[in-house]
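Enquirer: Letter by letter, the chains look like this.
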Amino acid sequence: EAGVAQSPRYKIIEKRQSVAFWCNPISGHATLYWYQQILGQGPKLLIQFQNNGVVDDSQLPKDRFSAERLKGVDSTLKIQPAKLEDSAVYLCASSRFLPQNNSPLHFGNGTRLTVT
Amino acid sequence: QKEVEQDPGPLSVPEGAIVSLNCTYSNSAFQYFMWYRQYSRKGPELLMYTYSSGNKEDGRFTAQVDKSSKYISLFIRDSQPSDSATYLCAILTGGGNKLTFGTGTQLKVEL
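So the protein sequences, as listed, match chains A and B. When the count follows this note's numbering, it moves up by one through the first sequence with no breaks and lands on 158 for the last residue. When the count follows this note's numbering, it moves up by one through the second sequence with no breaks and lands on 137 for the last residue.
This is chain B alone, in the form it adopts within the complex (with noise of 0.2 angstroms):
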């Protein structure tokens, strides 16, 4: 089993839509969970960095943690075309010590 699972996509979606982005992870140790965007031929830059469960809201984006499920879930609210990219979750895993990416999903918000 895989430490970190995420839905492939592709996700197209109209301007100004609600999307959730969601990843489940394996062991119920981790604690640390990390959202990354990355842009076409663009090296991944951190959207959000959530800690044990709850939510953690900032600006648009909501990162979610629900560890009785092993469930994390990332939330754009009022989308924009330039939200199109590629959101990979992340997990620290390893005793803390290394950072761990699902396979990403590809976002793409149309006009």
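Isolated chain A (complex conformation) (with noise of 0.2 angstroms):
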């Protein structure tokens, strides 16, 4: 079974410019996460689907960041204008159904994202 794929690696910009990550889950997973990771601590959820549709992003700062599932594959995250704290690891994740349905997430490796 192929693993959670995202793109780029790394990603260095300047602050006030834009960026984008892309997904791609486990196929077959209902569910995918964006989480993100600063340096020293754990993942934060920012947005997480189910199928095409939003199931929590209440954590996502919407007036710089924004995701699409199109189709309910693929995913993107945006950040438009990015500030020196977005630097971080952002993480995506998928499972096969929602957590409470004993379903583990499975993550990709991360991109790895610095504002200078």
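Rather than coming from a laboratory, the hints here were simulated on the basis of the structure. Treat each hint with caution, since some may be false.
Only pairs whose alpha carbons sit at most 27 angstroms apart, straight line, appear in this in silico DSS-like list of lysine-lysine [to be verified]:
#, chain 1, residue 1, chain 2, residue 2
1, B, 93, A, 120
2, A, 53, B, 93
3, B, 124, A, 104
4, B, 28, A, 104
5, A, 57, B, 68
6, B, 93, A, 86
7, A, 125, B, 68
Simulated restraints on C-beta separations [stated by the list, open to error]:
#, chain 1, residue 1, chain 2, residue 2, range
8, A, 95, B, 46, 39 to 45 angstroms
9, B, 122, A, 70, 18 to 24 angstroms
10, B, 68, A, 123, 26 to 32 angstroms
11, A, 58, B, 83, 48 to 54 angstroms
12, B, 108, A, 81, 20 to 26 angstroms
13, B, 137, A, 123, 44 to 50 angstroms
14, A, 62, B, 137, 38 to 44 angstroms
Using N, Cα and C, we set each Cβ at its ideal position, and we do this for glycine too.
Make one complex out of these two single chains by using the hints.
Expert: See below:
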């Protein structure tokens, strides 16, 4: 079974620029998550999709972050404009069902963003 | 108060030692508890999944939940250098829809 694919692996941008990350979940996984992991901290949920609908985006800074999951498969996360505090690893994860249905999350290796 | 709190470490132990990693949580209604392991520059991977109270064992790893104290632990027996990683506790919150992580404990097992 192929894992969660993310690209790019690394990105360096200047503040106020825009950036986009891409995620391809495991085939058949209905639920897709974007987490932000700042150095030395645990992952923080930004947005969670069930198929192509949003389940939770309560911690997504909507003035600058946006995410979409067209056709319920691939997803993109965009930041516009970026701030220095957005420097972090952006992790995508997927699960077959919602977490409470004994459905573990599978993570990609993340995109490491540095904002200068 | 944070929903999940975890000792940040770092923790350094000799090979063969027993390691104890701990988290506390705020809401007694939480029922599903997980431990993830994260190697450097990799995504987290699921190690253990427990429901409610008690112990669960898998090889050298034991997960323990004490709901009366709102305390969860991961024990690693006969620790190996390959166990060197960051260990994240995680709890299903938000009515069971959302996985909330602790800050992670960085573990180094030295030869």
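Enquirer: All the hints need checking, so say for each whether the structure fits it.
Expert: We went through each hint and held it up to the structure:
A C-alpha spacing of about 39 angstroms is found between residue 93(B) and residue 120(A), which places the hinted pair above 27 angstroms, so the restraint is violated. Restraint check: the Cα-Cα separation between residue 53(A) and residue 93(B) comes to about 42 angstroms, which exceeds 27 angstroms; the hinted pair is violated. For the proposed pair residue 124(B) and residue 104(A), the alpha carbon gap of about 19 angstroms is at most 27 angstroms, so the pair holds. Only pairs whose Cα atoms come within 27 angstroms are accepted, and residue 28(B) paired with residue 104(A) is accepted, the gap being roughly 22 angstroms.
A distance of roughly 26 angstroms separates the Cα atoms of residue 57(A) and residue 68(B); the hinted pair therefore holds under the 27 angstroms criterion. With a C-alpha separation of about 24 angstroms, the suggested pairing of residue 93(B) with residue 86(A) holds against the 27 angstroms cut-off. The suggested pairing of residue 125(A) with residue 68(B) holds, with an alpha-carbon distance near 24 angstroms, which does not exceed 27 angstroms. For residue 95(A) and residue 46(B), the hinted distance range of 39 to 45 angstroms is satisfied, since their beta carbons lie about 41 angstroms from each other.
As the Cβ distance of residue 122(B) to residue 70(A) is approximately 21 angstroms, the hint placing it in 18 to 24 angstroms holds. For residue 68(B) and residue 123(A), the Cβ-Cβ distance of about 29 angstroms falls inside the hinted range of 26 to 32 angstroms, so the restraint holds. A hinted range of 48 to 54 angstroms for the beta carbons of residue 58(A) and residue 83(B) is consistent with their spacing of about 52 angstroms. Checked against the hint of 20 to 26 angstroms, the pair residue 108(B) and residue 81(A) passes, with Cβ atoms roughly 23 angstroms apart.
Look at residue 137(B) against residue 123(A): about 47 angstroms separates their beta carbons, and that is inside 44 to 50 angstroms. Between residue 62(A) and residue 137(B) the Cβ separation comes to about 43 angstroms, which falls inside the hinted range of 38 to 44 angstroms.
Checked against the numbered hints above, the structure breaks hints 1 and 2 and satisfies the rest.
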